[in-house]
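**Student:** Going down the list, the protein sequences come from chains A and B.
Read in the working numbering, the first sequence has 248 at position 248, and its numbers run on one by one without any break.
Read in the working numbering, the second sequence has 378 at position 378, and its numbers run on one by one without any break.
These aren't lab readings, by the way, just hints derived from the structure by calculation.
All values reported here derive from a predicted model rather than from experimental measurement.
Among the clues, some could well be false.
What the hints assert, rightly or not - Think about it this way: if two alpha-carbon atoms lie no more than 35 Å apart in a straight line, the pair counts; the simulated DSBU-like pairs of lysine-lysine are:
| hint | chain 1 | residue 1 | chain 2 | residue 2 |
| --- | --- | --- | --- | --- |
| 1 | B | K336 | A | K149 |
| 2 | A | K317 | A | K345 |
| 3 | B | K374 | A | K66 |
| 4 | B | K345 | A | K66 |
| 5 | A | K258 | B | K149 |
| 6 | B | K17 | A | K254 |
| 7 | B | K303 | B | K321 |
| 8 | A | K17 | B | K149 |
| 9 | A | K258 | B | K17 |
| 10 | B | K83 | B | K97 |
Said to hold, decoys possible - Which stretches of chain A does chain B cover? Using the computed rule of at least three CB atoms under 8 Å from a CB of chain B, they are:
| hint | region |
| --- | --- |
| 11 | 13 to 25 |
| 12 | 133 to 141 |
| 13 | 152 to 160 |
| 14 | 180 to 188 |
| 15 | 194 to 207 |
| 16 | 328 to 334 |
Every residue, glycine too, gets a C-beta built ideally from N, C-alpha and C.
Number of protein chains: 2
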Amino acid sequence: MALDKSKKSLTRTHFSKDLKNLQIGAEIRVAGWIEDFRDIGKLGFLTLRDVTGAIQAVLLGPNLEKAKSIPRQSNILIVGTIKPTKSREFEVEVAVKEIYVYSEATQSLPIDPTGRIESNLDNRLDSRALDLRNPKISKIFVLRSQVLKIIRDFFILNNFVEVNTPKIIGSASEGGSNLFSLDYFKRKGYLAQSPQLYKEQLILSLDRVFEIAPYFRAENSHTVRHLNEFLSVDIEASYLDYFDIMDIIEELVKRTLKYTIESHYHAGLSSSESKSFLGAVDSPFPRLSYEQCLKDLGGMDEKISFGDDLSDSSLRKLGEKYNSFYFIIDWPLDLKPFYIHENDKDPVLSKSFDLQYGYLELVSGGTRQHDINKLKYRIQNQGLPIDSFTNHLRAFEWGMPPHSGCGLGFDRLMMVLSDLPNIREVVLYPRDTSRISP
Amino acid sequence: MALDKSKKSLTRTHFSKDLKNLQIGAEIRVAGWIEDFRDIGKLGFLTLRDVTGAIQAVLLGPNLEKAKSIPRQSNILIVGTIKPTKSREFEVEVAVKEIYVYSEATQSLPIDPTGRIESNLDNRLDSRALDLRNPKISKIFVLRSQVLKIIRDFFILNNFVEVNTPKIIGSASEGGSNLFSLDYFKRKGYLAQSPQLYKEQLILSLDRVFEIAPYFRAENSHTVRHLNEFLSVDIEASYLDYFDIMDIIEELVKRTLKYTIESHYHAGLSSSESKSFLGAVDSPFPRLSYEQCLKDLGGMDEKISFGDDLSDSSLRKLGEKYNSFYFIIDWPLDLKPFYIHENDKDPVLSKSFDLQYGYLELVSGGTRQHDINKLKYRIQNQGLPIDSFTNHLRAFEWGMPPHSGCGLGFDRLMMVLSDLPNIREVVLYPRDTSRISP
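Work the whole structure out from these sequences, hints included.
**Tutor:** What follows is the structure in structure tokens.
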């Protein structure tokens with residue numbers, strides 16, 4: 001049955017969440033899928049769900065007969081009136097006058113979207129659209145949409161300009177080993193791994209910029225926290241240093257935590273998780289120097305020397321000792337990319353930070369090197385091909401202001417907010433070494 | 001001179017736009033670049049610009065001497081006090097106490113960012129960050145950022161959920177000839193040309209979705225309105241038909257026009273352009289059937305038969321006859337992609353629309369085919385490999401609601417809003433057949 005403008009009776013009047021605000025007796029048309037149907041003799045109860053929630057529809061006579069023949073998960077429109085209910089799950093119910101079937105579902109579904117029969121993640125991802133009919137799953141992605149809005153509004157409030165930088169790039173700067181390459185009209189092109197060089201150039205004139213966009217990493221590893229395509233939140237700002245950026249990021253993350261708690265998303269979380277979130281909102285994130293980390297780890301029997309990167313195991317131990325969220329600052333310069341500024345108090349260190357949640361790195365940032373000669377030295381010192389940076393380095397001759405910035409792994413933030421251990425749970429169609437479709 | 005948290009004197013207190021609201025005598029620190037400097041003997045006038053505007057700084061004595069030696073476009077901080085001005089260009093001026101030089105610009109710049117010496121577009125794009133110091137250029141991108149916000153807020157207000165679909169895809173659906181391909185861990189992958197299949201699947205559960213993201217087209221052509229990487233605004237909605245989508249898009253475009261006019265961006269436009277925009281905001285966009293177009297074109301000596309696509313020349317003639325914005329609806333089904341629904345009043349036609357601005361196509365959309373058998377027939381009828389659609393077609397067995405949607409070329413909308421004839425003017429780092437860097 002096709003929708004037709006001439007048949008206004010076939011279009012819905014309300015989302016399911018709106019029904020509780022209507023008066024008893026109000027006429028409504030609600031569309032969605034049949035989640036459940038119970039036939040108790042002369043009466044039937046049908047649970048109709050849409051993205052906003054579910055309604056209970058009460059069926060009698062010919063409508064009850066009709067409902068018996070419609071497979072679950074089929075897409076229907078219910079025409080009816082609001083009436084009081086005795087159900088504990090619903091605030092009102094709908095006395096059905098008519099049912100229109102838009103589209104029947106097949107009887108052998110690949111997964112059970114009510115969640116009564118559990119499916120493994122691979123099967124769910126293969127049938128993602130159906131998987132999303134499980135309200136526990138769809139609410140992750142509704143939250144994701146809302147958190148994106150919170151982030152953008154926060155940056156705009158703070159005078160950042162949204163920019164769009166290219167995802168196809170002409171040279172493998174930033175080290176080329178992890179880049180996907182492609183044929184670009186008989187030249188070699190690459191997929192961008194970050195907007196790092198572009199965002200640094202742009203602050204020359206736009207002052208503060210942000211971008212939320214997909215990036216690509218050709219890394220052949222399979223973990224619960226890496227994907228080969230991921231959404232990154234990037235900012236770059238003139239005249240700020242890495243402490244300013246940490247302040248901005250801390251406030252931003254707290255806003256997303258607060259929203260998650262207030263929107264009752266946390267009903268799905270364990271109470272210990274909720275408690276840890278509430279604590280994080282109210283107190284400053286600890287800011288721990290790399291050298292302090294070494295001292296702490298020394299006391300925990302972790303063998304680690306100055307200049308070593310922090311392993312997963314080290315980060316897990318630190319995560320237990322400190323609060324859920326914590327910054328690690330002032331890393332050895334040699335552990336950080338060429339564009340990070342040396343630290344004034346000790347040039348072996350850098351003006352850098354990572355924001356951690358337990359063992360998980362969420363954000364990496366720092367004050368940038370804006371002196372062209374020091375920058376050239378660092379590029380060469382890291383064994384990178386200086387010729388690939390010709391275009392980039394020119395911008396540092398045009399009156400480049402001091403600047404700082406960071407990149408936040410948005411999918412990882414969503415793992416934390418929704419308390420899910422695998423990044424694939426919070427990405428609609430994840431891309432990893434073995435998954436390129438659907 | 002590096003920024004340092006311990007030297008608070010080196011951080012700015014205001015953007016240039018804020019100075020006019022301050023009291024005479026107020027102490028300020030403003031950062032930016034030297035746009036101009038005039039030495040008139042015992043006195044000097046320096047124009048300092050940032051992304052929000054410009055200030056006039058008045059220099060005397062040692063500060064005047066120091067300013068003489070700083071190249072234009074260098075990045076500096078001015079410490080001073082607000083005083084009244086006799087200048088017509090500025091509402092106040094700044095009596096300079098101190099100048100700090102953050103970063104000197106080289107004396108031989110590749111382009112003149114004040115715009116006094118015109119540069120061709122290619123040179124400007126090669127030095128984009130410097131080009132953006134021209135306020136006429138930067139305001140295009142500030143507007144771009146604001147229009148993105150207007151669009152997202154409008155969709156969220158209308159119950160759309162923001163989604164992120166993958167840009168690397170596993171099969172060349174939608175016809176593979178225009179896709180960039182890449183090696184994806186020893187398999188072949190492609191860069192997505194649109195989120196069409198994903199967004200249709202997602203409305204199965206999320207009801208209404210939108211995405212604003214980069215897409216890629218490997219088309220070897222060079223025009224002023226095509227790029228090989230472009231930003232697309234995509235929506236898809238259950239239970240709506242193509243007239244509903246046209247209503248949504250018309251309101252959205254009018255909001256962006258209204259904002260552009262109200263934000264005085266139009267100071268840069270010709271008065272005829274402004275008048276045409278004002279007219280468009282206040283009256284409905286004409287909705288012209290394809291068959292009406294054929295009749296109109298017949299009367300204009302354009303040779304065109306039913307089933308022919310409308311050429312640039314035809315669209316230019318229609319654009320002159322009708323309002324600046326106009327819809328062309330009910331195209332022949334064979335001219336439209338497989339996922340477009342046939343028209344109930346004549347199955348040779350489709351439920352489709354394009355939104356045009358003159359000859360420029362801004363939006364393409366329609367009611368989608370949600371009957372799996374008709375969809376399979378259309379895929380095969382168009383000579384597409386049905387096996388590439390296995391994953392996609394499964395979703396149509398799960399109770400797929402009727403739905404409609406469209407894609408809006410965001411860069412093209414920005415061409416219209418900023419009245420610029422070349423799409424490269426409104427994209428920071430455009431990608432075309434000959435341009436892959438910077």
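**Student:** Work down the list of hints and note, for each, if the structure agrees.
**Tutor:** Structure-based check of all given hints:
1. B:K336 to A:K149: Holds, at roughly 34 Å.
2. A:K317 to A:K345: With a Cα-Cα distance of about 28 Å, the restraint between A:K317 and A:K345 holds, given a limit of 35 Å.
3. B:K374 to A:K66: Holds, because 25 Å separates the two Cα atoms, which is no more than 35 Å.
4. B:K345 to A:K66: holds (30 Å)
5. A:K258 to B:K149: holds (23 Å)
6. B:K17 to A:K254: holds (30 Å)
7. B:K303 to B:K321: Satisfied, since the Cα-Cα distance of roughly 17 Å is no more than 35 Å.
8. A:K17 to B:K149: holds (27 Å)
9. A:K258 to B:K17: holds (33 Å)
10. B:K83 to B:K97: holds (13 Å)
11. 13 to 25: violated (count 1)
12. 133 to 141: holds (count 3)
13. 152 to 160: n = 3 at 8 Å, threshold three: holds.
14. 180 to 188: holds (count 7)
15. 194 to 207: Held - the region 194 to 207 of chain A has 7 residues with a Cβ nearer than 8 Å to chain B, which meets the minimum of three.
16. 328 to 334: Result for this restraint: violated, n = 0.
Of the numbered hints given earlier, the model fails hints 11, 16; all others are met.
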